[in-house]
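The primary structure of each chain is shown beneath.
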Amino acid sequence: MAFLNIFKRSARKRTTLAEGHVVPDAARCVQCGICTYNCPIEIDVRAHVWRSEAINRSECLTCGECVARCPRGVLRFERTDLFAAGAS
Amino acid sequence: MRHVIIGSGVAGIAAIESILSVERSAEIIMLGDDPHGFYSRPGLAYYLTGEISDQALYPKTREDYKKLGFTYRQARVKKILRDETSLQLDDNSLLTYDRLLLATGAFATPLAVPGATLQGVVKLDHLNDARIILKLAKRGRTAVVVGGGITALELAEGLLARGMDVHYLLRGDRYWSNVLDEQESRIIEARLQVEGITLHFHSELQEIIGRSGKVNSIRLKNGKTLKCDLLAYAIGIQPRVELAREAGLQVDRGILVDEFMQTNDPNIYAAGDVAQVFDPITGHSILDSLWGAAREQGCAAGMNMVGRNTPYVKSIPFNVTRLAGLTTTIIGAVGHGRDDDLVGIARGDSETWRELPNAVIAQSGFDVNRVRILVGEQKLIGAVVMGDQTLSIPLQRIITQQVDISPMRDRLLAHDAKLSDVIVDFWTKLKS
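These protein sequence lines are chains F and A, in that order.
Using my numbering, the letters of the first sequence correspond one by one to residues 1 to 88.
Using my numbering, the letters of the second sequence correspond one by one to residues 1 to 432.
Simulated from the structure, these hints should not be mistaken for lab results.
For clarity, every value in this text was computed on a predicted model and none was experimentally measured.
C-beta atoms are modelled at their ideal positions from N, C-alpha and C, and glycine is treated no differently.
Per label pair, the in silico range of CB-to-CB distance:
#1 F:T80 to A:Q119: 52 to 58 Å
#2 A:H284 to F:T80: 43 to 49 Å
#3 F:A68 to A:D91: 44 to 50 Å
#4 F:A26 to A:K66: 22 to 28 Å
#5 A:E195 to F:A26: 28 to 34 Å
#6 F:N56 to A:R308: 27 to 33 Å
#7 F:E59 to A:R62: 21 to 27 Å
#8 A:M1 to F:A26: 26 to 32 Å
#9 A:R62 to F:N56: 24 to 30 Å
#10 F:T80 to A:R186: 40 to 46 Å
#11 A:K66 to F:H21: 29 to 35 Å
#12 F:N56 to A:R211: 55 to 61 Å
#13 A:D425 to F:D44: 35 to 41 Å
#14 F:A26 to A:S212: 48 to 54 Å
Far from chain F by the CB rule (all over 12 Å, computed), these chain A residues:
#15 F107
#16 G172
#17 R174
#18 Q206
#19 G210
#20 S212
#21 F260
Partial pick of chain F residues on the chain A-facing surface, computed with a CB cut under 10 Å:
#22 D25
#23 A26
#24 R28
#25 Q31
#26 C32
#27 I34
#28 Y37
#29 N38
#30 R46
#31 P71
#32 R72
Model the full assembly from the supplied sequences, consistent with the hints where possible.
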């Protein structure tokens, strides 16, 4: 069973990469900068949060570093549903 | 029109953005006595633990400031000359204003024990304080922390992360007793001990003993002594109200403002930790020392300074913080009474949290993950979410938006209720 679970996890990860982006809850943020500091491709995540904007830059790897490192739960993945039925 | 802002914290920056959003060509001068200008003060905790560099604390670059278009001057204001609508600066020069915003923040309440001025007695107000702490931590071996609330733990955990033996003194029998309940205090205390921090209950500092002008040991009121190289304190903060008081503005614990963030002088506004704001929940003016509240107040003050009547409606205070490595969300009214480790308000704190009205308490989880909610007749009044944060956002919304909880109230209060299931179910239906 454990063997099969490995495949399940990797399938979930691919889904996230294709269909999710990082969105902030600005009210929780204190602009400490841990998110920006840990972004492997140097996106200024903190500046997005200040403006209450999703991290919708195409370079974002959705690697989850900023989501995991934020000590205040400011960031989360949200499905973009780009290919959902009816989406234009 | 010239807008002058005293203070370089988030309230001041938010006010500048508001002013410029209405009056692109407004002349704005920000005066600050912190040599580092605007940085994330709450981020100092993560700088102490080594999770970020000091450079990462600055949310805005010089280019950002240029784009915003205001002047920053490092200067200390000696006096507000209200009759002349001008400020006297530390070099005795005068600076006139049309509208003035006091966003001077707060400072750590000083320790009132013998030895408090010795080298090695530290606080965490500014970036410079954090740098001094790190320097001392490199040389020292043992640190003692006194105080309560969030900052005391930030100091204890920061010093531990820098390799010091840390002793945390608590005057009473538990941590943050007027916001957390006993179970929550015990969870935090147990985690601190596992991390390697030594807790001393019923321990009140009597004296700091020095050698050659430096901290060498402390003596407690019970007669015990403890050798140490550093003593860090966080016993509360005090709004920096001196300028306002000397200028004859109405001051209570903070500078009193109306719903438009205006003081009793129509040309002068106040926002952030220094402002004492009317709270519709409690019915009286209260202090908050929350980053989010300071930003909202600064936004409102800025709009009002340019004549856009924008009332500041104080929202239900909440903060997400890390206590002993455990993410903890505190929303609304959750505690009561006083905490002997703190004098008044602390950083990241709200007086509203201690205004617990008559409410029924529901709680579940007694290990690391815990949720406690205060259930009113039709609304949730407050919540503490510790560890797993699944319920944090739903509860934040349900409480701050004052959602009618009648459909789930009975289920919440049922014997052995699984709070998380009930709340998630209610939240899911609410959203759909």
